[in-house]
Amino acid sequence: MDAIDRAIVMQVQDGIPLVDHPFMDAAEKIGIPEQDLIARIKRLRNEGVIRRFGARINNRRCGFTANAMVAWKVPEERVDEVGRFFAGNPVVTHCYERKIIPGRWEHNVFTMVHCQSETEVSHLVKQLAETAGVPDFQVLVSGEEFKRTVSVRITGDTEKAEAK
Amino acid sequence: MTGQDSLDRMDRRILQLVQDEFPLLPRVWDAVGTRLGIPAQEALLRVKRLQEKGFIRSIAPVLESTRITTRVSTLVGVRVPARSLRDVAAIISAYPGVSHNYERRHEFNLWFTLSAPDTAALNAILREIQGKTALGADAFLDLPIRRKFKIDVRYSLDNLRGGNRHGCD
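These protein sequence lines map, in sequence, to chains V and S.
Under our numbering, the first residue of the first sequence is numbered 100, with each subsequent residue one higher.
Under our numbering, the first residue of the second sequence is numbered 92, with each subsequent residue one higher.
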C-alpha cells in the first residue's frame with residue numbers, strides 16, 4: 100500500500116457518500132482521477148487488503164434478531180476439519196480457533212450464527228453438531244449490544260500503517 | 092417501499108446486491124438500476140433511504156486486519172453479577188481498543204473484543220479493567236485467536252421472512 104492507497108481507504112472506509120457519483124466525489128477529495136481510484140480499489144481487493152467492497156448490513160435491523168456465539172469443544176486433531184466445515188456454512192459469519200484455559204474454558208472453536216428466531220438457532224446448531232460430530236458445545240445468545248464499531252480501519256496515527 | 096420502516100421485495104433485492112456485488116464503476120447507480128430493472132435515481136433513493144433507516148450501516152471496503160495493522164487482539168468473556176452488568180459494560184466500552192461488547196446469555200454474560208498495539212499493552216488494559224471492575228481475575232476469560240477459519244459478515248436478505256419487517260431492535 101502506498102500513500103495514495105491509504106488516502107483512498109481512509110476516504111471511503113466509513114462509507115462512500117450516497118450521491119450520483121460516489122467514486123468521483125471521493126476521488127476529487129483526494130485529487131486523483133475517478134478511474135484511478137476505482138482501479139486502485141480493485142487492485143487492493145485483488146491483493147486481499149480489501150476483503151470485499153459493499154454494504155455492511157445492520158443484521159438486527161433487517162430481522163436477524165437471534166444471533167449467537169457458539170463455542171465448541173473440538174479435539175485438537177479435528178480442529179482443522181471441523182473449522183473448515185463450520186466455515187463452509189453460509190449462516191456462519193465468523194469461525195475461529197481460540198486458546199483454551201485448561202480447567203476454566205476448554206471450548207476451543209468459536210462460530211457466530213445469525214438467524215431470525217431462537218428456534219432457528221437451535222435447529223441450526225443441532226444440525227451442525229450432529230453433522231460435525233461435536234456434541235459438546237455452548238450456545239451464547241446475544242443480548243444487549245453495548246458497543247459495536249468497525250475494528251479494522253486505518254487511522255491517521257496507525258502505529259504501523261502497512262503490514263506489507 | 093411499503094412503509095416507513097419496512098422492506099419491500101425491491102428493497103431486499105437491493106440490499107442483497109449492494110452487499111454482495113456492489114459495482115466498482117463510475118456510474119454505480121446506473122449499474123445497480125440496470126441489474127434490478129429500475130431507474131438509476133430510484134436505486135440511489137432506495138439505498139439512501141435504507142441507510143437513513145439504519146438497514147445499511149455503510150457502503151465501504153471491509154479491510155483485512157493483518158494487511159492493515161499489526162495490532163494484537165483478543166476476545167474476553169466476563170462473569171458479571173446481573174445487577175452490575177450495565178456499569179461494568181460501560182467501564183469496558185469506554186476503552187477505544189474495545190470494538191465489540193455484548194451481553195450474552197451465559198454464566199459468562201459479557202463478551203468483548205479488545206485490541207492493542209502489542210501483547211504487553213493488551214495485558215495492561217486487561218489488568219486495568221480487572222482493577223476498575225473489581226471482579227477478580229477468575230471472572231475473566233482471555234481467549235486470543237489461534238487460527239482464523241472465516242470472517243465473512245454477509246446475510247441472505249432476499250428471502251427474509253415478512254414477520255420481521257418492522258425492524259425488531
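If you're looking for bench data, these hints aren't it; they were derived computationally from the structure.
From the three backbone atoms N, C-alpha and C, an ideal C-beta is built for every residue, glycine too.
Among these hints, one or two may not hold up.
As the list claims (entries may be wrong) - Distance windows between CB atoms, simulated: (1) S/P117 to V/P201: 31 to 41 Å; (2) S/T157 to V/I199: 49 to 59 Å; (3) S/T157 to V/T248: 13 to 23 Å; (4) V/R203 to S/L127: 44 to 54 Å; (5) V/N145 to S/D249: 24 to 34 Å; (6) V/D101 to S/D209: 19 to 29 Å; (7) V/P174 to S/E198: 20 to 30 Å; (8) V/R247 to S/S247: 36 to 46 Å; (9) S/R140 to V/S221: 26 to 36 Å; (10) S/S247 to V/R203: 46 to 56 Å; (11) S/P235 to V/R247: 15 to 25 Å; (12) V/E180 to S/N214: 51 to 61 Å.
Said to hold, decoys possible - Sample of chain V residues with no beta-carbon within 10 Å of chain S, all distances over it, derived: (13) D101; (14) G114; (15) P121; (16) N158; (17) P174; (18) V190; (19) G242.
Violated constraints from the hint list, given by number and in increasing order: 1, 2, 8, 10, 12, 14, 15, 16, 18 and 19
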